[in-house]
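Student: Chains as they are written, first to last, in our numbering: chain A, 1 to 738; chain B, 739 to 867.
Hints are not guaranteed to be accurate.
Okay, derived cross-link-like pairs now, DSS-like style, lysine-lysine, Cα gap no bigger than 27 Å in a straight line [to be verified]: (1) A:Lys573 to A:Lys434; (2) A:Lys181 to B:Lys842; (3) A:Lys252 to A:Lys183; (4) A:Lys115 to A:Lys516; (5) A:Lys434 to A:Lys516; (6) A:Lys60 to B:Lys812; (7) A:Lys405 to A:Lys183; (8) B:Lys812 to A:Lys183; (9) A:Lys405 to A:Lys60; (10) A:Lys405 to B:Lys812; (11) A:Lys197 to A:Lys181; (12) A:Lys434 to A:Lys183; (13) A:Lys197 to A:Lys183; (14) A:Lys434 to A:Lys503; (15) B:Lys807 to A:Lys183.
Calculated directly from the structure, the hints in this document are not laboratory data. Since the model is a prediction, treat every value here as computed from it, not as a measurement.
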Amino acid sequence: MAERRDDAPDKAREEFFSEASELVDGFGRHLLALEESVESGHGPDPETLNDIFRGVHTLKGLSGLFGAATLSGLSHELENLLDDLRLGRIPLSTAVLDLLFDAVELYGRILSALKGEQAEPREEVLTLLASLAAVSNERSGNVAFIAEYELAPETLGVLTEYEEHRLRSNLQAGLALYRLKAKFPLATIDSALEELKLRVRPVGEIITYLPTGDGGDLDAIDLEILVASRSAAAELRQAVDSDAVLVEEVKKRDLSQARTPPAPRVSERTDDSAIDLPDGRETPSPPAADEDEPPHVSMHPAPQVHEAAVMPAAAAGRDISLRSVTQTVRVDIRKLDRLMNALGELSLVRGALLRYAEKLRSEPATRRLGMDLLGVHRAFERQLAQMQSGILEVRMVPLGQVFDKLARIVRQVSREQNKSVHFVVTGGETEIDKLIVEELSDPLLHMIRNAIDHGIEPIPERAAAGKPDTGTVALNAYQQGNHVVIEVEDDGRGIDPHAVLHKAVTMGLVSMEDAKSFSLEEAVSLVFMQGFSTRDTATAMSGRGIGMDIVKTRIAKLGGLVDIVSEVQIGTKITLTLPVTLAIVGVLTFVVEATVYCMPLSSMEEAVVFDAALVREVDGREVMTHRGVTLPVVRLARLFSEPPAPQRATKQFLIVARVGTRRLGMVVDRLIEQQDVVIKALGRTLGHVRGFAGATDLGDQRVALILDVPSLIEECLTAAEGRRANDASLAFRFGEGS
Amino acid sequence: MEDSASTRSFIRAILEGVPEGVLAGCTVQEATSGFDAMRLLPRGPYDLVLTDINMPDINGLEVIQFVRKSPHHKDTPLVIISTQTSERDIARALALGATAYLRKPFVPEELVATLERVLVPKGGAAPHG
């Protein structure tokens, strides 16, 4: 990247990327809102347009600072277009909207190019720039400009942007402009104005009220009221019906004379503007488009000169602070991880403190001291818990961040496929760990693409099936206990279990023998098997990159579970069940064969005394009836030991684990306690071992493994191949000192 | 001046609660609209004017122009408080003679700091307005 300024410190660069990405995301989000407002027939929402404009403006400034020339150039052109849009100079057509969506995509690619992740999309940028320029040139020729009217700079200079926009819109729509002048006694001005408003409203729109005079009169005030109206002056006068109010039409300037008003009085300044005017154009010096002027002056595009002329310049030389007052900070998630780790260490200190306190309390001589120390310990523990939840809260971000991007994909894919798709999103406000959000975007992207590509039928096929032309893809998220559930549902053609089975057998993924024992639901789940693809010729979209097996692996890595339900002709629903956070978990510690393990509380339903007499065998697997439901049971001692330890006579316990809709009973030797632990990764040597999500330090120098419940359930319940629980991957013995 | 009653009382509470510095012991007078301001302004000396930009009828920019034209107040510090996010309007307000700008939402410290900054260069006399 020749344009990357390599001397920019890393930290600043990171902030630049993070802020730039936020701006681009915001751009995309606003565009969707804009499209919606256009499609619903309301026309573009001026505020949204303005937000987009400002975002791009900021991005331009940022990229300028970081020497990202492409980014800055693109932003500059976009800014001009957006300015034209927001000030109503050009209409927001579908073509323009498409260009803006393209720009969002390109922004993303340029940013990742700047990070060195991919080549810069130079050609696409040039194409887009050319299209942007073409649109700007299409500006309608008969636009009425405010400056063509005989309005004093003093009047124009105090219009807010919105008022100016209303004024321009009205003039463009061909309405006439009137100036109402009246003197109002200050004591009764409110009621007098209300009455005037009531009279004027039916025939026109009041643009603004401008107080004139210098406040020298303590009892009355002179007002100038600008009104745009379709009516003739006489009609307006009749409507106003008051001799005290003078109604006069604001005429267009005689164009044979100077075409622009004198520069506003307030624009006197001594140096270049301290404030960058948002449209990026220079504030004009008093323009002179006189015939006598040298030709280069009159070559200024007249509309621009007019537009700019109504803007007073920023006052320079004054002691002004435009410091933006912001109340958010951006933090690298790794810093939060470090904080979290430090918190883990503090928990160890807390554990030691507790042990010493207990010890002191147990000795009669130091009992008092021990009690006091226990009190200190409790206070410490409370603060720790607060810190922990505080840090966790900071890590949480709304899923909407990812969903917005997906909405753009839906738009793009359905266009490419010529399918009509209604994308419904609910639960975007559901919060989840930032790290999980980042890992989610690829799998979700793929699921959504699949839904449109394979699920939603082409319009003729839908029509033939008696379905509405427009298909629906619904994305729904909600929190369920310590989990976040995300559902992707479509009303497409569904997955045919027989076709899936056939395919799996043909591909040699499943033997003919096994195939016969599959239930229909199990057959549908085969789409998650590695190497499975439902189409011989993968389309440009879903065929690229990752398949459903990767979706499943990615989700499993996050400690989540994927479920699929599909009905032919009705549609498909894929459900992701994810933990809310990766960083910290509440666990139940328990003992199996003298080793301590942890079970995440989020994955367990209950723990009860185990009654071995209730266990029976079905198809070579142990099950028991628990609370009226058949529950598969696995003896962890057998699972973790090689060879299996002899069954004990002593009392054992049953932990009922549950992820999504699947449950599994696990038999353990002894329950210890509930506590919060910080999960640490297993590291390279043990990372490949399935069945464990990580390890943790229990605070008394003991390390304990944390069960990966989704993968355990997966292992133990995989019905099809009747894979035994003593699967090699789990037959790793974790004894003391391993 | 400010058309939202809750914002007005919020600002009043902050300003009247300042324990020390130029703002300590200040008196706050509220105007609920531009017209209200027109009524009040010509009647007394004020040490500082605080106004919103987006208000019904007379907007903040018009207020600034009015204040600056008035012989009483051509040098009175004038601070804009507004959710108005348009940079063009900020630029315009400053061009018209506003002294400083504060974006909503703000925390009390920001308001106090901004006002103290614009008040101090004026000789540091305790304001009565």
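Student: Each hint: holds or not?
Tutor: A quick look at each hint next to the structure:
no., hint, result
1, A:Lys573 to A:Lys434, "25 Å, holds"
2, A:Lys181 to B:Lys842, "34 Å, violated"
3, A:Lys252 to A:Lys183, "26 Å, holds"
4, A:Lys115 to A:Lys516, "51 Å, violated"
5, A:Lys434 to A:Lys516, "43 Å, violated"
6, A:Lys60 to B:Lys812, "37 Å, violated"
7, A:Lys405 to A:Lys183, "56 Å, violated"
8, B:Lys812 to A:Lys183, "23 Å, holds"
9, A:Lys405 to A:Lys60, "22 Å, holds"
10, A:Lys405 to B:Lys812, "51 Å, violated"
11, A:Lys197 to A:Lys181, "13 Å, holds"
12, A:Lys434 to A:Lys183, "61 Å, violated"
13, A:Lys197 to A:Lys183, "15 Å, holds"
14, A:Lys434 to A:Lys503, "38 Å, violated"
15, B:Lys807 to A:Lys183, "18 Å, holds"
When the structure is compared with the earlier hints, violations turn up for hints 2, 4, 5, 6, 7, 10, 12, 14 and for no others.
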